[in-house]
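Chemist: Protein chains in written order, with my numbering: chain A, 1 to 166; chain B, 1 to 153; chain C, 1 to 372.
Rather than coming from a laboratory, the hints here were simulated on the basis of the structure.
By construction, the Cβ of each residue, glycine as well, lies at the ideal position given by its N, Cα and C atoms.
Mixed in with the good hints, there may be bad ones.
[As the list claims (entries may be wrong)] If you only want the chain C side, here are some residues facing chain A, beta carbon under 8 Å, derived: (1) F66; (2) F69; (3) R72; (4) L76; (5) K349; (6) G350; (7) L351; (8) K352; (9) I353.
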Amino acid sequence: MVLEKLPIYLEKIPGGQIVITDYNNLLSWSRKNSLWPLTFGLACCAIEMMAAGASRYDWSRFGFEVARATPRQADLMIVAGTVTEKMEKRIKLLWQQMPEPKYVISMGNCANTGGPFYYDSYTVVKGVDTIIPVDVYVPGCPPRPEGLLFGMIELQKKIMAQKKPL
Amino acid sequence: MTTQEIIRKISGRFPTVETTIIDGENALNVLTDKDAIVQLCAFIKNELGYDYLQFLTCIDRLDKLEIHYHLYAYASQGTIIVKTSVERVGGKIQSVAALWKAADWHEREAYDLFGVVFEGHPGLRRILLEEDFVGHPLLKDFKGKNVVVLPKI
Amino acid sequence: MKEDSAQDFITEEYLLNMGPQHPATHGVLRLVLRMDGENILDLVPDLGYLHRGFEKIAENRTYKQFLPFTDRLDYLAGMFNNHVYCLAVEKLLKITVPPRAEYIRVLVSELNRIASHLVWFGPFAMDLGAITPFLYAFREREMIIDLLESVSGQRLTYSYFRIGGVAQDLPDDFIVQAKAFCEYFKPKVDEYDTLLSKNIIFIKRTKNIGVLPKELAIDYGCSGPVLRGSGVAYDVRKNEPYSVYKDLSFDIPVGTIGDSLDRYNVRIEEMRQSVRIIEQVLEKLPGGEIMAAVPKVVKPAPGEAYARIEAPRGDFGFFIVSDGSDKPYRLKIRAPSFSNLSVLPELVKGLKISDVLAVFGSIDIVLGDVDR
Numbered sequence: 001m002v003l004e005k006l007p008i009y010l011e012k013i014p015g016g017q018i019v020i021t022d023y024n025n026l027l028s029w030s031r032k033n034s035l036w037p038l039t040f041g042l043a044c045c046a047i048e049m050m051a052a053g054a055s056r057y058d059w060s061r062f063g064f065e066v067a068r069a070t071p072r073q074a075d076l077m078i079v080a081g082t083v084t085e086k087m088e089k090r091i092k093l094l095w096q097q098m099p100e101p102k103y104v105i106s107m108g109n110c111a112n113t114g115g116p117f118y119y120d121s122y123t124v125v126k127g128v129d130t131i132i133p134v135d136v137y138v139p140g141c142p143p144r145p146e147g148l149l150f151g152m153i154e155l156q157k158k159i160m161a162q163k164k165p166l
Numbered sequence: 001m002t003t004q005e006i007i008r009k010i011s012g013r014f015p016t017v018e019t020t021i022i023d024g025e026n027a028l029n030v031l032t033d034k035d036a037i038v039q040l041c042a043f044i045k046n047e048l049g050y051d052y053l054q055f056l057t058c059i060d061r062l063d064k065l066e067i068h069y070h071l072y073a074y075a076s077q078g079t080i081i082v083k084t085s086v087e088r089v090g091g092k093i094q095s096v097a098a099l100w101k102a103a104d105w106h107e108r109e110a111y112d113l114f115g116v117v118f119e120g121h122p123g124l125r126r127i128l129l130e131e132d133f134v135g136h137p138l139l140k141d142f143k144g145k146n147v148v149v150l151p152k153i
Numbered sequence: 001m002k003e004d005s006a007q008d009f010i011t012e013e014y015l016l017n018m019g020p021q022h023p024a025t026h027g028v029l030r031l032v033l034r035m036d037g038e039n040i041l042d043l044v045p046d047l048g049y050l051h052r053g054f055e056k057i058a059e060n061r062t063y064k065q066f067l068p069f070t071d072r073l074d075y076l077a078g079m080f081n082n083h084v085y086c087l088a089v090e091k092l093l094k095i096t097v098p099p100r101a102e103y104i105r106v107l108v109s110e111l112n113r114i115a116s117h118l119v120w121f122g123p124f125a126m127d128l129g130a131i132t133p134f135l136y137a138f139r140e141r142e143m144i145i146d147l148l149e150s151v152s153g154q155r156l157t158y159s160y161f162r163i164g165g166v167a168q169d170l171p172d173d174f175i176v177q178a179k180a181f182c183e184y185f186k187p188k189v190d191e192y193d194t195l196l197s198k199n200i201i202f203i204k205r206t207k208n209i210g211v212l213p214k215e216l217a218i219d220y221g222c223s224g225p226v227l228r229g230s231g232v233a234y235d236v237r238k239n240e241p242y243s244v245y246k247d248l249s250f251d252i253p254v255g256t257i258g259d260s261l262d263r264y265n266v267r268i269e270e271m272r273q274s275v276r277i278i279e280q281v282l283e284k285l286p287g288g289e290i291m292a293a294v295p296k297v298v299k300p301a302p303g304e305a306y307a308r309i310e311a312p313r314g315d316f317g318f319f320i321v322s323d324g325s326d327k328p329y330r331l332k333i334r335a336p337s338f339s340n341l342s343v344l345p346e347l348v349k350g351l352k353i354s355d356v357l358a359v360f361g362s363i364d365i366v367l368g369d370v371d372r
């Protein structure tokens, strides 16, 4: 299925075939098919993230096989849960430790805009995009695992559409 | 022992406290002054056997701060609620952390959110908020920096 | 020769930070460990990374508006949070819940208890290095979530209870599917036994690790499986029954010495007892209404009430002070994980770094509960 998205020119030669494609497209395609998420569950959305990684809504069939615990070896940060002011500095530090190219998915209403704790809470940060740049927002409280998978596939489409990936 | 015996024992030892029974449950309220809190709690724990401190909390009554201690006894399955009050700003009270180790973190939380200083506590510092947070949030007149108040519809 | 090499080998203590972002802390908790090589000298937990200010928010919401917030406290056991909040408000209002609603409450609560224990079981095994039980536990959990979704519409934060009853009645095929689930689940718990409980590596990593004596457990205010693992046979469902638990028969598993293996066995046995309770409720479910007559604007008389239940993590309580208006004057949440976590520094003295995870996982905390 995903091979179709890569624009290629196929030439048949005796003994096989040659695939000719653009260098940028090949780089984007290989990047999007093997994004490694950083396990960064903060609150209730983390449980739905674990369910998305478990056997029913398996996310490893899209390439997110290896979930790393250290930011140095991950390239996708899924912020799942409420961000408080005490946690703000640490999120910024973790994001800075990730090597380029890096992507951020904001999962759940709390990470998008502050969620149900927008009013009257004295510690909740009103959205993680006030701290780090976000690529895809997944709404829901908590979003279903299918919603998170949809957000991840949208991110893959966004990576594929990058003009100059390097 | 029944509730009446407990009331007799407490009133006999501490004549200045008031006791009231809560209807329908094996529970009673004990109202006391803040200076006698440690002796009263020691008596309730050691003589009457109330070994489980469920929680302690403060209520902001705008002219004073009420402090409630919810105590429970596993042997007799009864509850005693000890109530006392301190000043709103700069209130000080003796700590009961030496009697129940559970009081350690609960008193730190009460200090963090209300500003009550517990004297004799082994290491009183903020527990839920950051070290440099200014103010005590659960007081009724707390104005936070980025608090958005729910608009009235 | 030997004396020289001993003097060259200087050691000193160091501080190790199991930071807020860690795969095994089950949330954002920071543990600062003072170490000497691999031995632990001291442990200081640093909380508050998920403190969202529920108690302050409650003072500005009506009683009915605060109900969806209670799901987000102990997010693995959403039904229990709703239950204890409704119990406290119903105590203030002095209304009784109809019997069918009580039975439905117990039914969904016990299903949620099994789901919560499964989420504990999977990551606990994963922390110790066994990845397979995680997938098995989540497979069973998905079946329970399907049942609860057909009742309430949500997978995790249900908000199914209402003050005075439950939101809507059970669907038509719920009883049949729940009975089928019970039949399916009973051999699965034995499967977990063969996967993990009798594994020699697992037993060596948890036996006699993190021993909690009875008096210390009571002194620190521990409750739930942590207390029962240490030998105190106390369960709020048996000793201070609420709802319809006094009409149901079930056993309370109790441990002996209070090590991590005891707490593990207590929870596995609790899953079996929960299945027993569910089967009894499915037999005895009466007809009738599901909601008591509650006024449109909930304004209890001035007073205070404290209600407590047996949540999967321990003794969960809500203390509400009302001043006669439609918003609570003070709402205090007595969270079980807060007191259970305070005993952790005592348990890890003298252990090695890899034992911390076995002890910490067996206490089973949820950060939404600790920090509120």
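Chemist: Each hint needs a verdict: does it hold in this structure or not?
Modeler: Hints versus structure:
Taking 8 Å as the C-beta cut-off, the interface hint given for C/F66 is violated, the closest approach to chain A being about 11 Å. Restraint check, C/F69 versus chain A: the minimum CB separation of about 7 Å is within 8 Å; hint holds. The closest approach between the C-beta of C/R72 and any C-beta of chain A is roughly 6 Å, which is under the 8 Å cut-off, so the hint is satisfied. Restraint check, C/L76 versus chain A: the minimum CB separation of about 7 Å is within 8 Å; hint holds.
Given the 8 Å rule on beta carbons, the hint for C/K349 is violated: about 27 Å separates it from the nearest Cβ of chain A. Annotation: C/G350 was flagged as interfacial toward chain A, and the flag is violated, the nearest CB pair being 27 Å apart, outside 8 Å. A hinted interface residue such as C/L351 counts as satisfied when its beta carbon comes closer than 8 Å to some beta carbon of chain A; here the least separation is about 22 Å, so the hint is violated. Taking 8 Å as the C-beta cut-off, the interface hint given for C/K352 is violated, the closest approach to chain A being about 20 Å.
Here the hint on C/I353 is broken, as its CB sits about 16 Å from the closest CB of chain A, past 8 Å.
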